[in-house]
Amino acid sequence: MRRIFFLLLFLQTITAAAQSIVDTPHNLSANGPGSIHAGSETEICIFCHTPHNSSPCAPLWNRNNPGQNYILYQSSTIEAAPGQPDGASILCLSCHDGTIALGAVVSRDHLIEFSGGITVLPTGHANLGSDLSDDHPVSFIYNTSLAAADGELTDPATLNGPVQLDGQKVQCTACHNPHNNIYGNFLVASTHYSDLCMFCHQKNGWNGSLHRVSSASWNGSGNDPWPKSTYQTVAENGCENCHQPHGAGGAERIMRHLPEENNCLDCHAGNVAAKNIQSDLNKSYRHDVFAYTHIHDPEENAVSDIRHVECTDCHNPHVANGTDASAPVASGAIEGVKGVNSQGSAISAIQYEFEICYRCHADSPEKPGGHTSRQFYQTNVRLEFNAGNPSFHPVEASGKNGDVPSLISPLNEASIIYCTDCHASNNSSANGPHGSVYSPILKFRYETADYTSESYQAYELCYQCHDRNTIVNNQSTNFANVVHRKHIVDLQTPCNVCHDPHGVQGSSTNQSHLINFDTSVVSKSTGRQGKLEFIDSGSFTGQCYLYCHGRNHNPKRYI
Amino acid sequence: MIKFQFTFAVCLLALGTSVALGQNIQGSAHDFSNDNWNTTGQICIVCHTPHNADATVTNAPLWNHATTTATFTTYNSATMQATTGQPDASAKLCLSCHDGTIAVDNYGSQSGGSHFISGGPRIGTDLGNDHPISFTYNSSLASQDGGLHDPSTTNSGLGGTIAEDMLIGGKMQCASCHDVHNGSGFAYLLRKSNAGSALCLTCHDK
Numbered sequence: 001m002r003r004i005f006f007l008l009l010f011l012q013t014i015t016a017a018a019q020s021i022v023d024t025p026h027n028l029s030a031n032g033p034g035s036i037h038a039g040s041e042t043e044i045c046i047f048c049h050t051p052h053n054s055s056p057c058a059p060l061w062n063r064n065n066p067g068q069n070y071i072l073y074q075s076s077t078i079e080a081a082p083g084q085p086d087g088a089s090i091l092c093l094s095c096h097d098g099t100i101a102l103g104a105v106v107s108r109d110h111l112i113e114f115s116g117g118i119t120v121l122p123t124g125h126a127n128l129g130s131d132l133s134d135d136h137p138v139s140f141i142y143n144t145s146l147a148a149a150d151g152e153l154t155d156p157a158t159l160n161g162p163v164q165l166d167g168q169k170v171q172c173t174a175c176h177n178p179h180n181n182i183y184g185n186f187l188v189a190s191t192h193y194s195d196l197c198m199f200c201h202q203k204n205g206w207n208g209s210l211h212r213v214s215s216a217s218w219n220g221s222g223n224d225p226w227p228k229s230t231y232q233t234v235a236e237n238g239c240e241n242c243h244q245p246h247g248a249g250g251a252e253r254i255m256r257h258l259p260e261e262n263n264c265l266d267c268h269a270g271n272v273a274a275k276n277i278q279s280d281l282n283k284s285y286r287h288d289v290f291a292y293t294h295i296h297d298p299e300e301n302a303v304s305d306i307r308h309v310e311c312t313d314c315h316n317p318h319v320a321n322g323t324d325a326s327a328p329v330a331s332g333a334i335e336g337v338k339g340v341n342s343q344g345s346a347i348s349a350i351q352y353e354f355e356i357c358y359r360c361h362a363d364s365p366e367k368p369g370g371h372t373s374r375q376f377y378q379t380n381v382r383l384e385f386n387a388g389n390p391s392f393h394p395v396e397a398s399g400k401n402g403d404v405p406s407l408i409s410p411l412n413e414a415s416i417i418y419c420t421d422c423h424a425s426n427n428s429s430a431n432g433p434h435g436s437v438y439s440p441i442l443k444f445r446y447e448t449a450d451y452t453s454e455s456y457q458a459y460e461l462c463y464q465c466h467d468r469n470t471i472v473n474n475q476s477t478n479f480a481n482v483v484h485r486k487h488i489v490d491l492q493t494p495c496n497v498c499h500d501p502h503g504v505q506g507s508s509t510n511q512s513h514l515i516n517f518d519t520s521v522v523s524k525s526t527g528r529q530g531k532l533e534f535i536d537s538g539s540f541t542g543q544c545y546l547y548c549h550g551r552n553h554n555p556k557r558y559i
Numbered sequence: 560m561i562k563f564q565f566t567f568a569v570c571l572l573a574l575g576t577s578v579a580l581g582q583n584i585q586g587s588a589h590d591f592s593n594d595n596w597n598t599t600g601q602i603c604i605v606c607h608t609p610h611n612a613d614a615t616v617t618n619a620p621l622w623n624h625a626t627t628t629a630t631f632t633t634y635n636s637a638t639m640q641a642t643t644g645q646p647d648a649s650a651k652l653c654l655s656c657h658d659g660t661i662a663v664d665n666y667g668s669q670s671g672g673s674h675f676i677s678g679g680p681r682i683g684t685d686l687g688n689d690h691p692i693s694f695t696y697n698s699s700l701a702s703q704d705g706g707l708h709d710p711s712t713t714n715s716g717l718g719g720t721i722a723e724d725m726l727i728g729g730k731m732q733c734a735s736c737h738d739v740h741n742g743s744g745f746a747y748l749l750r751k752s753n754a755g756s757a758l759c760l761t762c763h764d765k
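Chains as they are written, first to last, in the working numbering: chain A, 1 to 559; chain B, 560 to 765.
Bound-form chain A, shown alone (with noise of 0.2 angstroms):
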């Protein structure tokens, strides 16, 4: 019994692989089994062959160069230089750029006639133009020099699969076999989890990426990310969830849809990925990745230097991965993209999660502005949390103050912090700063206009780590009790009025505490005096030069 199952097996395998054309849509004989086929004639080699006065000699054509002038493809991070289609592909082109007649043959002096009066190959997706700049490239040299080169590309030295080069070059050949259609378009290999792309395409990080292994699947809201496709999972269909080697609507790179962010709300829009990332976006406050297309570029410089975001500029989906990881180092959503270190270096992979934030948010011409009139004005947030300032929130390296009695357990005044501990969704499932109903990207409620009224929920992001009880009723100290409770609590006064959450730059007399008004609210003290200046005098003790809610300090000092 096994053995009559091994043989049917056998069978089987050898039925697949011995698929002939004249049960493929490439026999276009009046008996093809296609929508398009001639209208009487029963040869079938003859539509791309003749035995006799072939041209180009081999392999025997029987068809005419279609003596077009291509639109080639072009892409900022390719490395190979396709020229004008050539070898196989202009014969592939001689039907499928649509230019000429099915069944004008070079060895019968008429036209061999098509049912349904047919001449051109009709439009779709077969019918490629003669603008190839939205298709895979094809009729470049691919060497191994040029995998080098690329850094992506398998050696082309060790193809020895069903991929195969047409001399040196990439033809549509190399995907497509004419005769045998048993994996569907013609392809010579199965696209199931993009097996054939990955004959010559090696994408760093592809293995332990996420998109490579998830069985994410359409769950039936929303759009269907894979209309053209069978495949069920992220993980089946691979490559092609974002990329699309025929006509692909954003051309450059093959990627599926122009606008860059639309590649990835295919999935990420509460229809396949776990975290719905399109509704984070709706919210007010957000990067805004849909008001900018086509201006980020892979090749782009690590300081941004046009104004833009897209999620390729957070994310690089190739890498992307579940790893967790605490702060300040990437976690494996962050993986493999570009960033700028503390010392406003470029690097090509970030090793900590506020790399990524500085290429825009530090020494970019185009960073964008503060949100308070401070004394101290500063928008370079790498400036901000310089681990030499005298005082900053723990993101590149533990805080100042070594007595922080407000801090919640497990925080300590040794903990670092991500800028996603403060920035990023609120009541979202994602972590990082996609969208929030509260501005700038944050959180939590952060009340920053002054006479707010306090209560948990106006300062909520705050007391995510900083205890309320202890800031604003602690007894212990007469800071708390006094300092904090009269000015937040009795007089309305925001923390973000005397607090600069990111740090500020300065001495340590001065500048400690992130003590930088508020201007809109604080202003010089009057009299002889006069001027804003806070002066630290040691543990929870200091005074102050300044003028505010009809207050005059000159100085008042707390103890």
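If you are wondering where the hints come from, they were derived from the structure by calculation, not from laboratory data.
It cannot be assumed that every hint is accurate.
[Unchecked claim] To be clear about the criterion: a stretch of chain A counts as covered by chain B if any three or more of its residues have a C-beta under 8 angstroms from a C-beta of chain B, and this derived list gives those stretches: (1) 21-34; (2) 196-208.
[Claimed, not checked] Computed spacing ranges between beta-carbons, pair by pair: (3) B/Tyr-747 with A/Thr-293: 39 to 47 angstroms; (4) A/Gly-184 with B/Gly-705: 48 to 56 angstroms; (5) B/Gly-644 with A/Gln-168: 26 to 34 angstroms; (6) B/Thr-615 with A/Glu-79: 33 to 41 angstroms; (7) B/Thr-684 with A/Gly-83: 27 to 35 angstroms; (8) B/Thr-615 with A/His-52: 46 to 54 angstroms; (9) A/Asn-65 with B/Arg-681: 19 to 27 angstroms; (10) B/Gly-706 with A/His-52: 33 to 41 angstroms; (11) A/Asn-64 with B/Ala-637: 42 to 50 angstroms; (12) A/His-52 with B/Thr-626: 18 to 26 angstroms; (13) A/Asn-64 with B/Thr-712: 37 to 45 angstroms.
[As the list claims (entries may be wrong)] Residues from chain B that keep clear of chain A, each with C-beta distances beyond 12 angstroms, as calculated: (14) Tyr-634; (15) Ser-636; (16) Asn-688.
If you're wondering where the values come from, they're calculated on a predicted model, not measured in any experiment.
Note that beta-carbon positions come from the ideal geometry of N, C-alpha and C, so glycine has one too.
We have chain A already, so just place chain B on it with the hints.
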């Protein structure tokens, strides 16, 4: 009555077979008996003689026509596994008219003929745009190529295997596809009908 029907059926069958196989050179493209350059009025003489034949070409069949001495450009393709050489054996005889270098009326003792083949049948000396010939086609070529049937086991549709019916000395030649004597009556003197590309697909496993 039954006997009559049987006989009638056999006759019909025989008639049908004779329609397919009973064609011959008379009246075919190779019947030059009425051409004005052929003063003999004979058919066979343009190629054959019963005596004193030219045996320069190996296995030449009582050859009576001047033989080409041209050097041919052969077919070349990156995807071809076969090894082609200069046309040999019967192919060389075919090309003695069809390469256009020898006059068709250079036969027997005649030389200095002036009628040269023209148009489609004139293959010329550049065979680069013609199906390759004069190469050994055997099981090992078939397995190496992957797109060819094994000639030693595949039925030719002509009664035996490809090797038996269509190869000459184990080689693919002009006569693999063409029957110079028009035995079958198909266009272009083909050995078998090419409807549905049946002739091509006899060897090509596409």
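Problem - Ascending list of hint numbers which this structure does not respect - result: Hints 2, 3, 4, 6, 8, 10, 11, 14, 15 and 16 are the ones this structure does not satisfy, whereas the remaining hints hold.
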